[in-house]
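Colleague: So you can see what is in the structure, the chains are spelled out below.
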Amino acid sequence: MSLRREESTLRKLRDLLFSAVKKIRMEKTIKKPVTTRLEVLKTYKIYIGGQFPRTESGRYYIPVNAAGDKLANVCLCSRKDFRDAVVSARGAFSGWSGRAAFNRSQILYRMAEMLEGRKAQFIEELIRQDSTKAKAEKEVNLAIDRLIYYAGWCDKFQQLFSAVNPVASSHFNFSVPEPTGVVAIIAPQQDSLLGLVSVMAPVIAGGNTCIILASETKPLCAVTLAEVLHSSDLPGGVVNILTGKPAELQSWMADHMDVNATIYCENNSEVQQLIRQKSAQNLKRVFFYAGKNWESPEGQSPYLIMDTQEIKTTWHPVENIAGAGGGY
Amino acid sequence: MALTKKKKAARSNTIKLKFDTSWSYDPAPESKSAASIKPKYDHFINGSWVKPAGGKYFASINPANEEKLSEVAEGNEADVNKAVSAARNSYEKTWKKMPAKERAKYIFRIARMVQEKARELAIIETLDGGKPIRESRDFDVPTAANHFFYYAGWADKLEYAFPNRNTAALGVAGQIIPWNFPLLMAAWKIAPALATGNTVVLKPAETTPLTALKLAEIIQESDLPPGVVNIITGAGATGAAMVNHPDINKIAFTGSTDVGKLIQRAVAGTQKRVTLELGGKAANIIFEDAPLDQAVEGVINGIYFNQGHVCCAGSRLYVQESVAKQVIRKLKDRMETLIVGDPLDKNTDIGAINSRQQLDTIQRYIKIGKQEGAEMYESSCRLPGKGFFCRPTLFTNVAQSNRIAQEEIFGPVLSVLTFRTDDEVIEKANNSPYGLSAGVWTDKGSKIFNLTKRMRAGVVWANTFNKFDPSSPFGGYKESGFGREGGLHGLLPYVNLIS
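Line order of the protein sequences matches chains A and B. The numbering used here puts the first sequence at residues 1 to 328. The numbering used here puts the second sequence at residues 1 to 499.
Bound-form chain A, shown alone (with noise of 0.2 Å):
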């Protein structure tokens, strides 16, 4: 009894405060002399095929801060968004598959320097969305780390993977790892740009193309990473990122014909049921990464790239390896 009587002592407490708060913060936007310079607002926008529109939709939705701050108004973006987005990056994949290995190192790479960059200002739009300076600074840093850390791995894990296999007929065979091919990527819902980077970055280090759902209420730095990677020299579609809701999109991710693995991060059995079932559809590979921790060691390994690898085996004959009879 007398605990909830101090619990409501405490919240009357606090609210008195951020009225007090909010007072002093207009009061000072009035105060302001009028020849200040205005503030150039950011519209977010979404990222799809290497260009910003918005949603086809024209819907908005305005995530809030725990301070009540409204972040932006956001697009929402629709299923028909995703469709399209699934039309650049299946457009995407043979470019970005075929590539050198090694030019994917440098462009993952070009992706940390870009973020190292704008690192304040992903700093700030954490601190935006709830982060303390310390904890944004480390998140944007591990995420740049993470970058590198895949950098290096593009032209490394097949060799780890790969395998000429020993068969006992004269032939020549080889088994190597090739991408998926799209995958629909619903991004950690917390940590908002570390985790998006952990998730991505294996997915088009290995030459995937993807769709990423960024978190909902989290979204701006989704938003601004796909500015970092658009200076980076990635082809249009490898990554396309779109923002909205889970809820609504996640069934149609799951569902589509054209999209071949897709990866969900949150820890809800009935949505991972869904997923599951709905990519049963065209057997799209599915990963959950539910309960990650994307700071520790554990939220990188070239195994998550392998996680959207197929692997190939080729064969061909030998002719007459030691008189062990060859030809077709």
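To be clear, the hints were calculated from the coordinates, so they are not data collected in a lab. The beta-carbon is built from N, C-alpha and C at its ideal position, and this holds for glycine as well. Treat the hints with care, since some could be wrong.
Claimed, not checked - With a Cα cut of at most 20 Å, we get these calculated SDA-like pairs of lysine to any residue:
1. B:K428 <-> A:S301
2. A:K156 <-> B:L488
3. A:K156 <-> B:K272
4. B:K272 <-> A:S94
5. B:K261 <-> A:F287
6. B:K428 <-> A:M257
Stated by the list, open to error - Here chain A is said to cover these stretches of chain B; the calculated rule only asks that three of the stretch's residues, wherever they fall, bring their Cβ under 8 Å from a Cβ of chain A:
7. 261 to 271
8. 459 to 465
Please build the complex by placing chain B on the supplied structure of chain A, with the hints as guidance.
Modeller: Chain B only, in chain A's frame:
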């Protein structure tokens, strides 16, 4: 001068082979006496033979003469429960704790016993499934033994398989296999599961359960601890009970894409791991510079091997236009020489279709092909009066959109299409929901690599087709399923990686 030479060469190259000579093959049947089949088989659970809970049995027949070979138990939920709890019990109490090198020795022992009983297994495989004895004897059985032998050696070396990771077994694996390579598929499933420390409940297909039950006898004889491998028989309902069983950690399925999708849906919402090895509609591509005679041999092997009951069969042939006429003629000539008939005869190339149901499916597709306007050709061979047989068949004038070019027929029916450029044929080859296998025939190395790289398929054969080996990973892209069987990569579906 040059022109006439060329003409002459072309002419000498097109001499029709003559087969209407007085040469013929005498019958050379393999003796049935080297094999013993019991009149009735129960489930193999916890190391002994257990009567089916429902008391029901069903017949397994010889598709070459429709005679009953034996009766096998029909599994229901209670049987599945029994088998799973035996597998769980032996996993927890015995198999998990056994030193890996001892585990290996059991698997080696099974491999050896399969070799020792190779002749018997081959005969039973042919009787039960209808495949030519030459295939059972020279391919199915030895490859099955080799598969056990290959994976046996992995059991105590798993720490080398995955860089910077150790492995942990999953627990109980439920394995459901098809009727086209009954014993070989059992080996593909059981061997890696045991090597990685899992225990097994395996269900063979309802039309071909006998070699798996023979394998159960071998397993019993090998003194493998009871419950490590359990083999239960039954049809779709038995398989469904396995898929839905809460105490199975992993489902490995080889079969049709439709059933694969059902399984994927059924396990949604569970923690079960799944690998699916499903259907295919492989493109086999012949370029004008290919060694055509070898290519034709490869195409014949690609589609008529095992009556075309092969998920990776080369059922879509793409021939470059400039050589299409020549290749089609050579194919027809070669088809004419194929001996269709008694599977037990050592001269037989094409045996019996596995079941009445499958024969109906094939005949339905042949009808569809004709209705779609494609031109049918079949060899003129005489078919036996009894049993399920189908002549080797090919269709020309096939369009990419025709159902016989899109859907898996799973029989000795080849669809022939033509192309002009590399890009065109890659586009056509990849225009399929499947992605299990592909083939390319050309003498140009750089072209081979262009094609093998760009074709979206898990196994690509260049200047060869339908080759398999225990050390070579097998499995599909896209709707042909996921996961690999064989080789180092075939271990992953049966382990958790731990750092």
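Colleague: Which hint numbers doesn't this structure obey?
Modeller: Numbers 1, 3 and 4 - these are the hints that the structure violates, sorted from lowest upward.
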